[in-house]
Amino acid sequence: GNSVTQMEGPVTLSEEAFLTINCTYTATGYPSLFWYVQYPGEGLQLLLKATKADDKGSNKGFEATYRKETTSFHLEKGSVQVSDSAVYFCALSGSGAGSYQLTFGKGTKLSVIP
Amino acid sequence: EPEVTQTPSHQVTQMGQEVILRCVPISNHLYFYWYRQILGQKVEFLVSFYNNEISEKSEIFDDQFSVERPDGSNFTLKIRSTKLEDSAMYFCASRGDRRQETQYFGPGTRLLVL
Chain A
148 GNSVTQMEGP VTLSEEAFLT INCTYTATGY PSLFWYVQYP GEGLQLLLKA TKADDKGSNK
208 GFEATYRKET TSFHLEKGSV QVSDSAVYFC ALSGSGAGSY QLTFGKGTKL SVIP
Chain B
3 EPEVTQTPSH QVTQMGQEVI LRCVPISNHL YFYWYRQILG QKVEFLVSFY NNEISEKSEI
63 FDDQFSVERP DGSNFTLKIR STKLEDSAMY FCASRGDRRQ ETQYFGPGTR LLVL
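For the protein sequence lines, the chains are A and B, in the order given. According to the working numbering, the residues represented by the first sequence are 148 to 261, in order. According to the working numbering, the residues represented by the second sequence are 3 to 116, in order.
Only chain A is shown next, with the shape it has when bound in the complex:
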């Protein structure tokens, strides 16, 4: 079945540091890949997505590239801010016909300190 493995947290960075959160996946077919973010006390928000190999998703300074050869979708940001403190979830949606249910990683908690 499908599975997502992401870097265990928590991750603590100073403001303006470089961020990488690793995510690898196992799936049949050609899934779409997502990063969701959960700010304290809020629901899951879509951060970015990529629907096919070599696509790069980007939003709010975050980027992730769909790498089929390494089955990875690592999240990066060049300079984090305190407001980026949140839990980040990597996810994939099942390919082909079906309900496109999402399979999530465990989440990585990021804390950015001034």
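If you are wondering where the hints come from, they were derived from the structure by calculation, not from laboratory data. Any given hint might turn out to be false.
Unchecked claim - Simulated pairs of lysine-lysine, BS3-like, Cα-Cα distance not exceeding 27 Å:
{"id": "1", "chain 1": "A", "residue 1": "K224", "chain 2": "A", "residue 2": "K207"}
{"id": "2", "chain 1": "A", "residue 1": "K196", "chain 2": "B", "residue 2": "K44"}
{"id": "3", "chain 1": "A", "residue 1": "K253", "chain 2": "B", "residue 2": "K59"}
{"id": "4", "chain 1": "A", "residue 1": "K253", "chain 2": "B", "residue 2": "K44"}
{"id": "5", "chain 1": "A", "residue 1": "K203", "chain 2": "B", "residue 2": "K44"}
{"id": "6", "chain 1": "A", "residue 1": "K253", "chain 2": "B", "residue 2": "K80"}
{"id": "7", "chain 1": "B", "residue 1": "K44", "chain 2": "B", "residue 2": "K80"}
{"id": "8", "chain 1": "A", "residue 1": "K253", "chain 2": "A", "residue 2": "K203"}
{"id": "9", "chain 1": "A", "residue 1": "K199", "chain 2": "B", "residue 2": "K59"}
{"id": "10", "chain 1": "A", "residue 1": "K199", "chain 2": "A", "residue 2": "K253"}
{"id": "11", "chain 1": "B", "residue 1": "K59", "chain 2": "A", "residue 2": "K196"}
{"id": "12", "chain 1": "B", "residue 1": "K44", "chain 2": "A", "residue 2": "K199"}
{"id": "13", "chain 1": "B", "residue 1": "K44", "chain 2": "A", "residue 2": "K256"}
{"id": "14", "chain 1": "B", "residue 1": "K80", "chain 2": "B", "residue 2": "K59"}
{"id": "15", "chain 1": "A", "residue 1": "K224", "chain 2": "A", "residue 2": "K256"}
{"id": "16", "chain 1": "B", "residue 1": "K59", "chain 2": "B", "residue 2": "K85"}
{"id": "17", "chain 1": "B", "residue 1": "K85", "chain 2": "A", "residue 2": "K215"}
A quick note: this is a predicted structure, and the numbers were derived from the prediction, not measured.
Following the hints, complete the assembly by docking chain B onto the known chain A.
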């Protein structure tokens, strides 16, 4: 911007009691989902719903669970006889149409079973 809403935000119940969690998906969306997240664990798929019927469900979604779209706006998850292990955050999500893969999540209902 349209959003998914969920009520209540928190619910405390006694073991064996029935609970109904409510969701209002984004208007004009056609696909609806429930996920749950037990504290410290992954977000897990429970069920998907389309065209007034369940399209897919996970092993978690046993006979104690049911979903319903009682009118044109609400989407509910009922747990008939709650167990301690049902304590979790429950997220509702909706998706536009077959071509759109992105799921939009509500803020969640935190359920505590005592």
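These are the hints, each one checked on the structure:
no., hint, verdict
1, A:K224 x A:K207, "9 Å, holds"
2, A:K196 x B:K44, "19 Å, holds"
3, A:K253 x B:K59, "20 Å, holds"
4, A:K253 x B:K44, "4 Å, holds"
5, A:K203 x B:K44, "25 Å, holds"
6, A:K253 x B:K80, "25 Å, holds"
7, B:K44 x B:K80, "21 Å, holds"
8, A:K253 x A:K203, "22 Å, holds"
9, A:K199 x B:K59, "26 Å, holds"
10, A:K199 x A:K253, "23 Å, holds"
11, B:K59 x A:K196, "24 Å, holds"
12, B:K44 x A:K199, "24 Å, holds"
13, B:K44 x A:K256, "13 Å, holds"
14, B:K80 x B:K59, "14 Å, holds"
15, A:K224 x A:K256, "15 Å, holds"
16, B:K59 x B:K85, "19 Å, holds"
17, B:K85 x A:K215, "41 Å, violated"
Hint 17 alone, counting from the list given before, is not met by this structure.
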